[in-house]
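J.: Here's the letter readout for the chains.
Number of protein chains: 2
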Amino acid sequence: MISIIFLGTGGGAPSKYRKLPAVFVRVEGVGILLDAGEGVQERLSEASISPMDIDVLAISHMHGDHVLGVTGLLETMGLLGRKKELVIIGPRTIQDFIESSSSGTFFKPQFDIRFQSSLETKEFSITPFPTCHTIESQGYIIRTRDKIKIDINKAKELGISDWNLFRKIKTGYHADISPSTVEYITYKIKGISIAYTGDTRYCSEVLQNVKGVNLLIHDSTFLDEETAAEFGHSTSRDAAKAALNASVGMLALIHISSRYHDTTPLLTEAKRIFPRTILPEDLSKLVFK
Amino acid sequence: MISIIFLGTGGGAPSKYRKLPAVFVRVEGVGILLDAGEGVQERLSEASISPMDIDVLAISHMHGDHVLGVTGLLETMGLLGRKKELVIIGPRTIQDFIESSSSGTFFKPQFDIRFQSSLETKEFSITPFPTCHTIESQGYIIRTRDKIKIDINKAKELGISDWNLFRKIKTGYHADISPSTVEYITYKIKGISIAYTGDTRYCSEVLQNVKGVNLLIHDSTFLDEETAAEFGHSTSRDAAKAALNASVGMLALIHISSRYHDTTPLLTEAKRIFPRTILPEDLSKLVFK
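Listed in order, the protein sequences are those of chains A and B. Residues in the first sequence are numbered consecutively from 2, following the working numbering. Residues in the second sequence are numbered consecutively from 2, following the working numbering.
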């Protein structure tokens, strides 16, 4: 299961309606924060998520609207007495930025911070992919692993009822039983995958990487193509084209410019190209099972 | 006239009730922001104050809860196309912090930033004074100048009715008229003064400097003396003692720890010592004429 809470769906500057970029994802009990714009700790509180629930912070790029909430968030983790390690994934300069901003504000975290370029666990992976913005930027794919399930009726049919053996089969270890039997009594539940682009133009690097994901969370800053191109962003039509051409399951439009109070035109234009599109409000939630 | 809008009256971490430190002061048409905790641009928007209305930013010290909103605020000023110069007053390292945080987020302001240690205009002054915290810190006194007014009836009595002469007298230039006549036909309206301590223990440095101000905005983080002493803060009793011993006109308690949802005990304890005490909510306003 992957649950997604859109903490901030705006971009550039916060508006009354949409705050700065941050998406909280919970996958197999692990909390992942994608980007941390200024005010993210207020959004977490509004969504009843403790900063202690964040295990991984993944930053897409170093523009202020995506990263200026990081230091305050770390400082609040410190005030709350955090001891648990925090994994941070991000562009090359994220470590320097955090260290300089922390030392500039006399903050020394009492918990370990581990900087990584990706994450692999038994249950899921977080993989960066390049996006096309005005500075170095990357999106993330979060993918749960396929699960092997036992068809109990078929197993019974063959006289197999040993739960220890079932457990071994599920984890891929089945030396005591033939592959054809395993194949007969098992079935696979495909993992879930979501992709978060951060800021990007429509580009083939993104398309290639997000192919077939269940949910694509895509930059949709503007309606106007020229403005989008000038600032390295996408229109909602660009996002819908990406969703269509990458054959994703569902599209969520985010990073909406503060100039749009009424977002109906953005959503309408995208849905014309890719009907399974949503434009989430701040603090709205999606669950994929 | 000085108007004061308490944008954020909490401290340390934002709570549901009180956000991070920021006080907006308007004096003689000039906008002054005292401290800029994370989220300050959202508070400004909630108070219907444009970032463009800020002419002076005065930072008390470099702890994150007072300063982590600065870069985002500057970036939004940039997005809004600001050209007007911004004056920044603060601790020695504020310039390095802003430069490093801006370059780390690829932000180059298109407006001038002038770093100063104080400000003097024809109408008012902003003067820092040392406070007693765990790191180098300073408070600010904002003081409007005394104004000379003409008693028109007394002037008429002496047959004086030249408005040019009145203007000269008001600005302190009166070569054409005797000092005793000036004294007879004029009266003085005393300037208004407010003091903002930022974070501080109760200490004599503060007392000496805030003596007699119309309004003292004082650290009042805790109820408990030991905790206050440990973290270089004041209890609400400390703030009230400071107000009493410095003979100020009115006391406003701020920097309330997020641990207090009900702030009645803080206010009650302070009022026992100094009855003219208020504990402002976020976004509340005071006007001194």
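Among the hints, a few may not be true.
Said to hold, decoys possible - So the derived list for chain B, only partly shown, Cβ under 10 Å to chain A, looks like this:
{"id": "1", "residue": "39"}
{"id": "2", "residue": "97"}
{"id": "3", "residue": "230"}
{"id": "4", "residue": "265"}
{"id": "5", "residue": "266"}
{"id": "6", "residue": "268"}
{"id": "7", "residue": "276"}
Stated by the list, open to error - Label pairs and their calculated CB-CB ranges:
{"id": "8", "chain 1": "A", "residue 1": "29", "chain 2": "B", "residue 2": "260", "range": "15 to 25 Å"}
{"id": "9", "chain 1": "A", "residue 1": "80", "chain 2": "B", "residue 2": "282", "range": "45 to 55 Å"}
{"id": "10", "chain 1": "A", "residue 1": "260", "chain 2": "B", "residue 2": "114", "range": "19 to 29 Å"}
No lab work stands behind these hints, which were simulated from the structure alone. Computed from a prediction, not measured in an experiment: that's the story for all the values here. Just so you know, even glycine gets a beta-carbon here, dropped at the ideal spot from N, CA and C.
J.: Against chain A, with CB atoms and a cut of 10 Å, does the hint on residue 265 of chain B hold up?
T.: Nearest chain A Cβ about 23 Å off; hint violated.
J.: Could you see if the CB distance from residue 80 of chain A to residue 282 of chain B stays within 45 to 55 Å?
T.: violated (22 Å)
J.: Should the hint that residue 268 of chain B touches chain A count as held when the rule is a Cβ pair under 10 Å?
T.: With a closest approach of 24 Å, the residue 268 of chain B hint is violated.
J.: So, as I understand it, the hint says residue 266 of chain B touches chain A; can you test that by seeing if any CB pair is closer than 10 Å?
T.: violated (22 Å)
J.: When the nearest CB of chain A is found for residue 39 of chain B, is that gap smaller than 10 Å?
T.: holds (4 Å)
J.: Is 15 to 25 Å respected by the C-beta to C-beta distance linking residue 29 of chain A and residue 260 of chain B?
T.: violated (33 Å)
J.: Can the hint on residue 230 of chain B be confirmed by a CB-to-CB distance to chain A that is less than 10 Å?
T.: violated (18 Å)
J.: Is it true that the C-beta distance of residue 260 of chain A to residue 114 of chain B lies inside 19 to 29 Å, as the hint says?
T.: holds (26 Å)
J.: Once the shortest beta carbon distance from residue 97 of chain B to chain A is found, is it less than 10 Å?
T.: Since chain A brings a Cβ to about 7 Å from residue 97 of chain B, closer than 10 Å, the hint holds.
J.: Taking 10 Å as the limit, does the beta-carbon of residue 276 of chain B come near enough to a beta-carbon in chain A?
T.: Violated. Min distance 33 Å.
Checked against the numbered hints listed earlier, the structure breaks hints 3, 4, 5, 6, 7, 8 and 9; every other hint is satisfied.
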